[in-house]
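Asker: Order-wise, the sequence lines are chains A and B.
Our numbering puts the first sequence at residues 1 to 262.
Our numbering puts the second sequence at residues 1001 to 1259.
It is possible that some hints are incorrect.
Covered by chain B, according to a simulated footprint, are these stretches of chain A (three or more residues, beta-carbon under 8 Å) [as the list claims (entries may be wrong)]:
{"#": "1", "stretch": "128-139"}
{"#": "2", "stretch": "142-153"}
Cβ pair distances, simulated, as ranges [to be verified]:
{"#": "3", "chain 1": "B", "residue 1": "S1118", "chain 2": "A", "residue 2": "S234", "range": "37 to 43 Å"}
{"#": "4", "chain 1": "B", "residue 1": "A1080", "chain 2": "A", "residue 2": "L11", "range": "35 to 41 Å"}
{"#": "5", "chain 1": "B", "residue 1": "R1093", "chain 2": "A", "residue 2": "L11", "range": "34 to 40 Å"}
Please keep in mind that the hints were generated in silico from the structure rather than gathered at the bench.
Note that the Cβ used here is the ideal one computed from N, Cα and C, for glycine as well.
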Amino acid sequence: MPDDFLIRAGLAGIGLMLAAGPLGAFVVWRRMAYMGDATSHAAILGVALALATDLPIAAGTAFVALAMALAVTGLSGRGRAADTALGVLAHSALAFGLVAVSFLPNVRSDLSAYLFGDVLTVSAADLVWVWGGSALVLALLVSRWNPLLTATANEELAQAAGIDPRREKLVLTLALALVVAVSIKIVGALLIAAMLIIPAASARALSRTPEAMAAWAVALGAAAVFAGLWLSLSLDTPAGPSIVAASAGIFVLSLMPSRRAR
Amino acid sequence: MNLIEARGLTVRHGAETVLAAVDFTIRAGEIVTVVGPNGSGKSTLIRALIGLERAAEGKVTRRVGLGIGYVPQRLHIDAALPMTVARFLSLPRRVPAEAAARALEHTGVPGLEDRQMSALSGGQLQRVLLARALLSRPEILILDEPTQGLDQPGIAGFYRLLEEVRQETGVAVLMVSHDLHVVMSASDRVICLNGHVCCEGAPQVVSAAPEYRALFGFGTGGALALYRHDHDHAHDPGAGHHHHHHDHVHHPSPEAENA
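Build the full structure now, drawing on both the sequences and the hints.
Answerer: Structural data, given as structure tokens:
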């Protein structure tokens, strides 16, 4: 019988992947990887804000992540200059976050928990937050699945069918901010984007339809959570990076040509 | 009954005026074709009519609840997005498998359901796009250069198919086309565009109009001869995107001076 903390860690990871799997698929399809980076790096600034104002960490993170995601959405699709602007935003948000945190007493030692996650210390209350947030994101994505997918496949087709691509983009932006807020405890601000992109990218080779890819992303992400936790326990490595490393291993396996479904 | 109507439609991309004061209407069951040189704003007009481009001035009115079947000029489905033809046909609304199969059969590409969209040839893709557009039972089909990348028999077949569909369903068709010879025989009305409406009317009227000839050449062989030339034809080298300042005439008259 595994220890309670391990069960909670596993549950938290699965909860995260329920939302991060399908959302990650959209991130991959829409080439929003950089946006995932920018949003999650901004989360550190959110942590600083929350600590300074005694707000819950998750609320601060969600707020700043959302602000960043909106800013980035506004910039995207404006050509090459936007790429530079994204880079400026992403890295300065991270830097300002780190600087801000350093001003706060008693936080410095915990910083790595926010950067790389601390899934082995997830509490029951954290679990409720992770699963609640994930369920919300999943419900949002499922309820708008077809419009989201149409707008992703082709904006003009969507518009002609009476779907507003900008609204669908906003839905994804909102979902992204929520997932970042949910996952900071599990894999940390620096590695959230990895859990969005890597499982979805691994799922691509196994899938012939968008729905299959989203489902595979959840499954492969959950597998990575288990493998990473096992790795962390047996080798005494940090849990968050171990999960991402396991995910990367799964990605390499998915590239094996024999399993390629085209 | 007007399905879509534009009044004084002006569209700008930054400082450049792409469309100036365009009036446009299409009625139920009509086939209207938009012709014009590259950069004349044909695609912009289509996009504005659908609502993809904002009107800087003027107004576009679509009948409330109008069902539009849109076939874009190019469809690029990112290779990162796995998508079978069957799944694509069900975007955004699910269609029964039999209906999808019938639509594919109808447009001449039966049995493609399980193929990946990214693996289709140009001709197959255009037909799948048309099948999808028809599945929504639209009142108007809007096609932006639907035969790009098709070979000659493919082009002829595609227009025959359109004509059949119109006769069966009474759908209105609005298309942008380079295939002038077919345009002239298949359309009820032709709109010659060059940043503004140069001339407009029945195909015979337009092909005789001096504004049209100024844009497409002075060939006496009619539309077929024009067609052979139009791909490499440049009537005003180096000014492909410029506004042509010949007279703004909506209704051509024989007295109008050749530009």
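Asker: The structure should be examined with respect to each hint, and the outcome stated for every one.
Answerer: Evaluated hints:
| no. | hint | in the structure |
| --- | --- | --- |
| 1 | 128-139 | violated (count 0) |
| 2 | 142-153 | holds (count 6) |
| 3 | S1118(B) / S234(A): 37 to 43 Å | 41 Å, holds |
| 4 | A1080(B) / L11(A): 35 to 41 Å | 30 Å, violated |
| 5 | R1093(B) / L11(A): 34 to 40 Å | 37 Å, holds |
Consistency note: the structure conflicts with the earlier hints numbered 1, 4.
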